[in-house]
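A.B. asks: Using the sequences provided together with the hints, build the complete structure.
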Amino acid sequence: MNWLNSIVVLLAAFVAVFLEAVLRGPREFLGAQIDLLPAIVVYASLSSDLVTLSLVAVLGGLWIDALSANPLGVSVLPLFAAGFLIYPRRGLIMRDQFYARFVLGLGASALVPFLTLLLLLSMRRTPLLGWGTLWQWFVMSLGGALLTPICFWLIDALTRALSYLPVAESSFRADREIRRGRN
Amino acid sequence: MLLALVVLNLPHHAASQIKLAIGGLFLPLFGLSKSSQQLARQAGDALTPRAELLRQNQELRRTNQVLQQYAVQADAIFRENDRLRDLLDWQRQSPWKDRLHLASVIARDPANWWQIVQIDLGSRDGMKTDLPVLAPNGELVGRVSAVSLTRSEVMLIGDANCRISARIEKNGETGIIIGGSSTVDHTLVTLSFLSGAGNSKPGQSVVTSGIGVFPGGIRVGQLAEEPHMTEQGFAEVTVKLWADPGALDEVWVLMQ
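As given, the protein sequences belong to chains A and B, one line each in that order.
Numbering-wise (the working numbering), the first sequence opens with residue 20 and increments by one.
Numbering-wise (the working numbering), the second sequence opens with residue 73 and increments by one.
Calculated directly from the structure, the hints in this document are not laboratory data.
It is possible that part of the hints are untrue.
[Claimed, not checked] Result set (SDA-like, lysine to any residue): computed pairs, CA atoms no more than 25 angstroms apart in a straight line:
hint : chain 1 : residue 1 : chain 2 : residue 2
1    : B       : 312       : A       : 44
2    : B       : 312       : A       : 151
3    : B       : 312       : A       : 50
On a predicted model such as this, the values are computed, not experimentally measured, just so you know.
C.D. replies: This is the structure we're talking about:
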């Protein structure tokens, strides 16, 4: 298990939650805050192991609920759901393609707030809902989709920067050299 | 998944305590964010080119001579300004001036379906739940909904769970302000459970009624339309808040 990658992914989730709480730009210009956790869950389900995926879903969900009026733990299950829909099919997904990252980010960013709202309503909570919610959902989905490839690039770059570079070995071997000539 | 179900079914008090403890993990980042903004400002000041500084210096010398001539006149204007400031400054005028504590908004709810902000005053500063929170000009923006040692959660008027007793100042009609009437414009709320439409007109001022936990007379907003009767037999009207809850950087907390 690559602990460095897990730590980097969890660190990214922690910083993402912090940024969502302090950045006002998206809310002011787009009318909705973009959730970065679904994008990180997509990364974890394609590039990390099951333990990391579970940790991102649990800790990310608890972190975001701690800074929100959500009941504690309500964001955990939707993040799990998004991750576990992707994880079994990871072998079939071309994770290096921008298009694949975009589409998975779009799906996860749309699914997570939808499931969270369903859970909130089933718990008889009264979130702020109206026609504007559809716009917020659109912004969250599209914003999350666009940020997913960026999350991949950032987390991969950070993991590479903190890891040892693989030693570049030449395939040349002197004892296997073919000598050509008349002798 | 089992863990999530266990956490979701925790008693309210235990869940609140755990939330506050987990939220405490972000405190260093909130501090870091504040100090890095200051550092960036200082760095920006330090990076002004020398030629630009010299040009500004020459310009300032010239301006200084002109200003000296105005100094005598300005002295009188300053005195008048101070007097007007005394008259207009809300905090000094306020009947609660000794109970007002200034707080900075340090975070907003990451979820789009709640209208909640976090402020940098906590129980160690004397914060308690249900204290009224006011905008810099003294208009009501919400109430304290949860308190930890170093920070508090403020539920803004626009939140669907926020209920505040208010009255129309002109005719004394009393009702309940219910948030969540618009997901697009958070300055619009509904004043509901009015006994009748009465002679209320758009533009009339709405203040807290004094019934419940808030003192009366705190400015809330103005009527955006004429009241209309509902099927349940009471009247309701849309109120435009004076303060925009989404644009707050600092707030007053009215302590007990």
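A.B. asks: Quickly compare the C-alpha distance for residue 312 of chain B and residue 151 of chain A to 25 angstroms and report which way the hint goes.
C.D. replies: Holds: residue 312 of chain B and residue 151 of chain A sit about 18 angstroms apart, inside 25 angstroms.
A.B. asks: Going straight from one Cα to the other, do residue 312 of chain B and residue 44 of chain A come out at no more than 25 angstroms?
C.D. replies: holds (23 angstroms)
A.B. asks: Quick one, are residue 312 of chain B and residue 50 of chain A close enough, alpha carbons at most 25 angstroms?
C.D. replies: Answer holds: residue 312 of chain B to residue 50 of chain A is near 18 angstroms, not above 25 angstroms.
In the structure shown, no violation is registered for any of the earlier numbered hints.
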